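A.B. asks: Given the sequences, and given the hints that come with them, work out the whole structure.
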Amino acid sequence: MHATARRLNMSQPNVSFALGKLRQFFSDALLVRIGNAMQPTPLGDRLREPVRRILETVDAELMGLPVFDPPRSERCFAISTSDIGELVFLPTLLEVLKHRAPGATLRCHSMPPQELERAMADGVVDIALGYFPDLQGSSFLCQTLFDHPFSCIVRRDHPTIGDSLSLDQFLGLGHILVSQKGRSQELVEMRMQQLGLSRRIQLQSPHFMSVPLLVAGSDLISTVPHAVAAILATMAPLKLLPPPFETPLISLQQFWHRRVDGDPAIVWFRTLIAELFLGRDPSMPVNCSMAG
14 MHATARRLNM SQPNVSFALG KLRQFFSDAL LVRIGNAMQP TPLGDRLREP
64 VRRILETVDA ELMGLPVFDP PRSERCFAIS TSDIGELVFL PTLLEVLKHR
114 APGATLRCHS MPPQELERAM ADGVVDIALG YFPDLQGSSF LCQTLFDHPF
164 SCIVRRDHPT IGDSLSLDQF LGLGHILVSQ KGRSQELVEM RMQQLGLSRR
214 IQLQSPHFMS VPLLVAGSDL ISTVPHAVAA ILATMAPLKL LPPPFETPLI
264 SLQQFWHRRV DGDPAIVWFR TLIAELFLGR DPSMPVNCSM AG
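Per the working numbering: the sequence shown ends with 305, consecutive numbering throughout.
These are calculated hints, taken from the structure and not from any lab test.
As the structure is a prediction and not an experimental result, all values here were calculated from the model.
Do not take every clue at face value.
Said to hold, decoys possible - Here are the in silico distance ranges between beta carbons for each label pair:
id : residue 1 : residue 2 : range
1  : Pro-63    : Ser-152   : 39 to 47 angstroms
2  : Met-222   : Gly-136   : 27 to 35 angstroms
3  : Phe-81    : Pro-53    : 37 to 45 angstroms
4  : Met-124   : Ser-177   : 38 to 46 angstroms
5  : Met-124   : Pro-172   : 38 to 46 angstroms
6  : Ser-151   : Met-51    : 47 to 55 angstroms
7  : Pro-84    : Pro-63    : 36 to 44 angstroms
8  : Arg-272   : Asp-96    : 23 to 31 angstroms
9  : His-122   : Thr-247   : 18 to 26 angstroms
10 : Phe-30    : Glu-128   : 49 to 57 angstroms
11 : Ser-264   : Met-124   : 19 to 27 angstroms
12 : Pro-84    : Asp-41    : 51 to 59 angstroms
13 : Ser-177   : Ser-218   : 24 to 32 angstroms
Even glycine gets a Cβ: it sits at the ideal position worked out from N, Cα and C.
C.D. replies: This is how it looks when you write it as structure tokens:
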């Protein structure tokens, strides 16, 4: 009995108590002492194999940790991000997934904050990537990937803007405002209010993707996160200029719901995202050595 207690990591009295409960339940001694050893009764001997199978099933189904095998996985990872977030994150993600998890796929969603909270709670969205100030409840976990400033963009041959931008020029131009609820432009607006400044909004749009052509074809100006500005400048003849006043940094983060914090596939995916974007300039192309 002492050896059995040691194997079970239990005290000998507790083992004796448990055996007593089993004897009472089965109305059988189950184990009897013969010499210096305990031997099973006929009923105890018959129970040996069924109990072994039950323990193996419990170990395999309940105690065994699920595994995620990237090279063989066909998992579809669901991401919530903005239209421009797709340009910031997806090219690098797709390139690396092609090598590390070639069967995995991505699905993108864009939804209001309240819908996003529900979608993440229900497992419709695995990871939210970008600026999501509303996802601050105890149900969500997050990791900051990088902080970056805002930049102003104007057309490259702008008639009045050269290589620098004064406050008077900034305030005198018509502005294109990308207005997405709970998104980064609120930071610029709040900063301008603190400074007692106001700008003339010539056009307000919920989409970033139309901005480069609109700016390139007019004398308007737009203030956007730097990573966005760098990407937009590849789509049209634009130049990037620092704002004429100090603006706050914007933190781009990845969020996930607490209920999937231990999911092996989500752990692998968010670890990959951190590897690719943590502290990096997302406007730079992916290093081929990171893909393999």
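A.B. asks: Decide, hint by hint, whether the structure agrees.
C.D. replies: Going through the hints against the structure:
1. Pro-63 / Ser-152: 39 to 47 angstroms: 42 angstroms, holds
2. Met-222 / Gly-136: 27 to 35 angstroms: Given about 29 angstroms between the Cβ atoms, the range holds.
3. Phe-81 / Pro-53: 37 to 45 angstroms: 42 angstroms, holds
4. Met-124 / Ser-177: 38 to 46 angstroms: 39 angstroms, holds
5. Met-124 / Pro-172: 38 to 46 angstroms: 40 angstroms, holds
6. Ser-151 / Met-51: 47 to 55 angstroms: Holds: the Cβ-Cβ distance is about 51 angstroms, inside 47 to 55 angstroms.
7. Pro-84 / Pro-63: 36 to 44 angstroms: Hint holds: Cβ distance 39 angstroms, inside 36 to 44 angstroms.
8. Arg-272 / Asp-96: 23 to 31 angstroms: Roughly 28 angstroms apart at Cβ, these two residues keep to the hinted range, so it holds.
9. His-122 / Thr-247: 18 to 26 angstroms: 25 angstroms, holds
10. Phe-30 / Glu-128: 49 to 57 angstroms: Holds, at about 54 angstroms.
11. Ser-264 / Met-124: 19 to 27 angstroms: 20 angstroms, holds
12. Pro-84 / Asp-41: 51 to 59 angstroms: 52 angstroms, holds
13. Ser-177 / Ser-218: 24 to 32 angstroms: 27 angstroms, holds
Going down the numbered hints, you'll see the structure goes against none, and every one checks out.
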